[in-house]
Amino acid sequence: MFRNLMAGVAVSLLLANSSVFAAEDRVVDVVAPFEITGLDPAKSGDVFLRMRIVETLVEADAQGNPVPALAKQWTVSEDGKTWTFTLQPNVRFHDGSALMAEAVASALNIARAKPGLLSKAPIEAITAEGEAVVKITLSKPFAPLLPFLAESRAQILAPASYAGADVKSIIGSGPFKLTKLEAPQSLAVERFDGYWGAKPEIEQARYLSVSRAETRALMAESGDADYVFNLDPASRTRLAKSDKVKLISVSIPRSVLIKLNAGHAFLSDVKAREALSLAIDREGLATAILRYPAAATQLFPPSLGIWHDASLSPLSYDPEKAEGLLASLGWKKGADGILVKDGKRFALTLTTYPDRPELPLLAAVLQEQWKEIGVEVTINSTNSSEIPARHQNGTLELGLMARNFALVPDPIGTMLSDYGPTGGDWGAMNWTNASFQQALDGLTRIADASQGETLRHQAVAAIQADLPVIPVAWYQQTVAVSPKLEKAAIDPFERTFGLETMRWGK
Amino acid sequence: MRMILNRLLQAVLVAFTVGLLTFIMIRLLPGDVAYRIAAGRYGYDVVDSAAAAKVAAELDLNRPAIEAFGLWLYDLVRLDLGTSLVSGEPVWDELVMQLGHTLQLAVSAILLSLLIGPLLGILAGLNRGGFLDRGLMLVSTALRALPQFVVGLGLIVIFGLMLNLLPTAGHAHGSHLVLPAFTLALGLAAVSAQVARDAMAEVAQSQFYRFARTKGLPEWQVFRRHGLRNVAVPIVTYLGVQFIYLVEGVVVVETLFAWPGIGHALVHAIFGRDVPVIQGAALVMGLMFVVLNAAVDGFCYIIDPRRRDA
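Order-wise, the sequence lines are chains A and B. 1 is the number of the first residue of the first sequence in our numbering; add one for each residue after it. 1001 is the number of the first residue of the second sequence in our numbering; add one for each residue after it.
Derived by calculation from the structure, the hints in this document are not laboratory data. Cβ atoms here follow ideal geometry from the backbone N, Cα and C, with glycine treated the same way. Heads up, a few of these hints could be off.
Pulled a few chain A residues facing chain B out of the computed Cβ check, cut under 8 Å [claimed, not checked]:
1) P115
2) E182
3) R206
4) M219
Capping the alpha-carbon separation at 25 Å, the derived lysine-lysine pairs in PhoX-like fashion look like this [claimed, not checked]:
5) A/K321 to A/K341
6) A/K120 to A/K271
7) A/K168 to A/K81
8) A/K168 to B/K1054
9) A/K120 to B/K1054
10) B/K1215 to A/K114
Okay, chain B solo, but in the shape it has when bound (with noise of 0.2 Å):
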């Protein structure tokens, strides 16, 4: 109870915090901000200084910081994000279609990388220092190192171009999915795969693991009694550290897919000033955030006995 109180409590302060700093930070953008928004509507060549004054009149740019920030603020807590100044489409809207979309991507991801990772992770730690716990070593490090957009780009040529065995971008089939979600997991895996394989080589030194297989349980028994629940603790917490490489990932990923989400909104968004979108974007990756944070909170306390009775 006092943790969903806690989580609570933390997610209005996320929501103040993301859209005092969105606030700020579009302030801070070089440019009029009228005329970026009139070219995000109409488009740069018929943008001049009197479509830019048409549109500042419209909008009630001019008033001041302050006034505009409360007004928002206003709105928040009436559960009204606005409507976006460029496509005129209430926000809310706008923003549960591309929700759907970007929880598609980001659950898919989530899903094939605790299916690449810890498995493999396993499987190196139970044979420390043998060839599959070096290569996963060097393989893992690498992915973790390379930018998001050149593992896309990779995996576009591969797959895409020289294999022909899938879509480069769009969104018109389920195998339109496989791709960024392979690519943002691979990511993530490269991190759990470590996690797990240093969990379960820890694991595997331990006492009792090794009494396990003295008394003559097969190596399977003993993995699935002794170190399956020990390994997940530290995988599913990590996890929820991971989210935030996931939130990041969904921006880059989406738009060189050209996946139809919440973080290639928030980028056009970006570019059009279109500041209500920002805001409502911002706040709902940073409620995912916590939203997340919470589930693997409780699935730890599914997975660990130890924290129920503490």
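Pulled out of the complex, with its shape left as it was, chain A reads as follows (with noise of 0.2 Å):
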């Protein structure tokens, strides 16, 4: 008996070990931690688009400003209630069918009905005219519409890919075709010989999701894997010794940010949240905890172009100027160092979650720092729910929490649904700022460029001046790369991989 099961064990081992390893093959192998929830792309839409499956109407250029994608060009009317898109022409999808215009209205119709960006713009319809043209009407002029197209749940997938509202099969217009799809955790392209744009010089990828970092980390540093997204930062400082990957880091438009209530009798007052901004020590912060220089000096980092400005004074470190501020308030050391004012001790609790793991450590380092001058925090990490939670029901105090801006490549959709005149569940809470609500309705109207620079930059000064919320830091990401891969890169945005423009080294 003992002899069959050796056998048996024997030949499963020589068929597994004659099998040919990846990596040594040209199929570059693309590993991130995002799993394949479903085909729909209100779920996993992000996976197709960064594999480049399927396409949008607009994409983004490095700075993410809109440009031509499926729409070869747009105008708007006059009154700014009336979008003309025009297709490029000679486009197929990968089952051979041509692009037409009733196929991308009917897809984004499809789109908005769902979660995500397209449900929140003030759309009336979206109609095909002809065979070439979609029409997009709305109720109010709404300037953000284009960055909005661009969302990867926007995508334009061909007409025989849906049953109804449901999505069955992806079939999308990119230059890399599905051919092998196994949810949650791995697909795998070939190159469209069809496609309209540039042909790429990859022939074959596949994408696993791997959910471990540490195991991500492995993968890329024995070569499994050629592409490896976003590693953890203890990965990162070994692997950027080692001479068996390439690392590219770049700052992402994600930030750490302290949610406040402005409404609490404690943090009412801007030079409460001034004092509380300027103990904090970001860049002891950001080096010891994330290991990169990732301090934070205003809402946007730098790789967010159109909304970083340069010119504006950074947010500072300045504990004795903090100290001052609290006792023009009124506020007195007690006997243990914590501050008292009418009786009342300056005691916060701090809300945050565990699933990012650095929040609850920044969390404790904040809450030291904070002693300092004298205020009193308490740590609660508990479920990332309780954040919008604790904001509808009015009770959340300070909130450390990571946002993501750049869902698309501008983003106004994110300032307007947590910025608004109510705040929102993941941003303000209690605030509201004549200047900034100006600049917020300026920018859903106005389109022209120069214009919306002057509104968006007294945007962000009306955020550093009030602070609603605190940023703490921005997020880097980082990519390994295989030594073998030229021209890979890393997409601020995170709307691609870079299959398209990357090759195999001679």
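Using the supplied hints, reconstruct the complex from the two chains, each of which is provided in its own coordinate frame.
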């Protein structure tokens, strides 16, 4: 009996060893943490877009400005309520069918009925005009429509992909077509020879979702993966010393923020919020915990070119000034070093969540730094849903969170939902500022580039002055790339892994 | 016959208990279920109160707990595990695919462990106190004490990085199976080696074994006729106990090696509060335990003729 078992094991081992190992072939192995939770673009549309299987009407350039993709050009009517998009000619989907205006309108109408930014735009109708023109009618002028159309959830699939509003297969028009899908973990693509645009040099690629950061780093180091997305700080430090991989980093429009309840008695005066901000040693915090120089000097990092204002005076570290500000508000140090006013201690609860493992660590350091100026903070590291929940019931005091501003290349959509007149779950709480609202309102109406820049700077300056949230750090995205791959890059807007531009070294 | 009936009853009890326990535990987890499901579906970055409210309304999450549990039981009786709250696919379809991967991993691990553990154990047992015996004791104790996570990482570093012999993680080729199966097998082998060693040592001391030697049979024949069956019974019986280790092991090992099995799915389902998938996966793992134990009983029945008479 044992002999039979042994023979079985031996055969299976032999079979296993005879197969060819990955990464020696000419297939680009991409590894990232994102699971493919479903075919619906509302769920994992970003993976299909990053692998360049699907496309959107509008793309973004390196600064985040809208550029043509499936839409060759667009015009907007004088009243700003009608947008007309002319489609690229000779575009074919992977099933061979031609891109028609009817299909685009139908795909967008299905997308806007599901969660995603498009559902938040004031769209009245999306219709096809003939074969190559799509018309979008709005109930009021809305300049951010272009970045909204660039969201992965607004991807255009072939009519054969849909069964009613459900997506049953991914038939896109991108430079790569899907050849195999094993949800939730992997997919494979090959170059689509009928692509309308510039043809990529890479012929085949695979995507694998690996949730553990240690495993991803080891896959990069062993050469099993050629493009590894999202490395943890410890692995990054280790891989930086290795000659087996190249590391590429960019700061991305995802910021660590402290959300403050501006309606709270202790925090309603802007001087109190400024004091909390001045007490934070951002550089020390970022280097010690995030392990890269990522101290935030304002809400948006420089990689978000159109929203970063280089002329804005940076958020600084000055605990003495912080103490002075709090003293001017009538706070006096008690026996234990904690500030007291009218018999009340300056004690607050900081709510955070461990989904991003660095957040509770950052919270602990903040707790220490605030104690220096006499502010006592209790950390409540709980479920991430508690921040929106406590925002809604008004009990939140301080919240430490990470916010992604680049769901689309222009964060105006996120700004509207987070910092609108009534605040937002992941943004301001009990805060209003007339100059900010005016700027945001202008941005939804005015499409002119230079006027837009002035308004964006006005909005960012208002947040910097009023601090409805305190920016702490900017995240940095790091990828590990095989030295065999040339022209590999990292997109700060996380729209592509760059398969369409990379190539194998000679 | 009676044994099969007993096992069936056991399976039904396991199904009910697993269902009830997972149900209660999910209810006790902190945080708002609707938020977690919405985050699992659409990603953290688009989840706000509006999206969560939409999910809660769509899935009728606010109905009383007892009613929800009753519905689940009713569906279970009809062999319907429902659909995943995150992916929208039928839970049964997802489980069948994942179970295939997990069984592949688990069976390979068991076979590998049987190849390593008992062999070394028997050799050690035949030479009690020898170099092999003492070395095996040390290594098997160390392996059993180390978490699988550490063993797995160690194997990746040795075979994936230093020797560059095997791929580190993934599931595209057959070779991807080797390291995760080996990780699980080492833990299993550590125990079965000890069991085999003790059993062999005891058998080797017994009068019948010594008599067989005395009458001049070659060592191999003595072992084959008088040792093998006697040693095999405790090893196979212990295997049944070790399945618990296997069930907990697949959860860790699958996550570490990105193996698309049921343990990996369970972890993600818990994060996304995907209740039907959690219940389905726990149920299948519970039943797998019952089936494997039944198989062990059957196996022992074949090996040990004394049981047949009883």
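Hint-by-hint comparison with the structure:
Against a cut-off of 8 Å between C-beta atoms, the interface hint on A/P115 holds, since the closest Cβ of chain B lies about 5 Å away. Contact between A/E182 and chain B, as hinted, is supported at the beta carbon level, the nearest pair being about 7 Å apart and thus within 8 Å. For the restraint placing A/R206 at the interface with chain B, the shortest Cβ-Cβ distance is roughly 7 Å, inside the 8 Å limit, so the hint holds. Because the smallest distance between the Cβ of A/M219 and any Cβ of chain B comes to about 5 Å, under 8 Å, the interface hint for this residue holds.
Of the pairs offered as hints, the one joining A/K321 and A/K341 holds, with about 19 Å between alpha carbons and a cut-off of 25 Å not exceeded. As the CA atoms of A/K120 and A/K271 are separated by approximately 35 Å, the hinted pair breaks the 25 Å bound. Distance check on the hinted pair: A/K168 and A/K81 sit about 33 Å apart at the alpha-carbon level, beyond 25 Å; violated. As the CA atoms of A/K168 and B/K1054 are separated by approximately 23 Å, the hinted pair is consistent with the 25 Å bound.
In summary, the hint linking A/K120 to B/K1054 is supported, as the alpha carbons are separated by about 14 Å, within the 25 Å threshold. Between B/K1215 and A/K114 the alpha-carbon distance is near 83 Å, which puts this suggested pair outside the 25 Å criterion.
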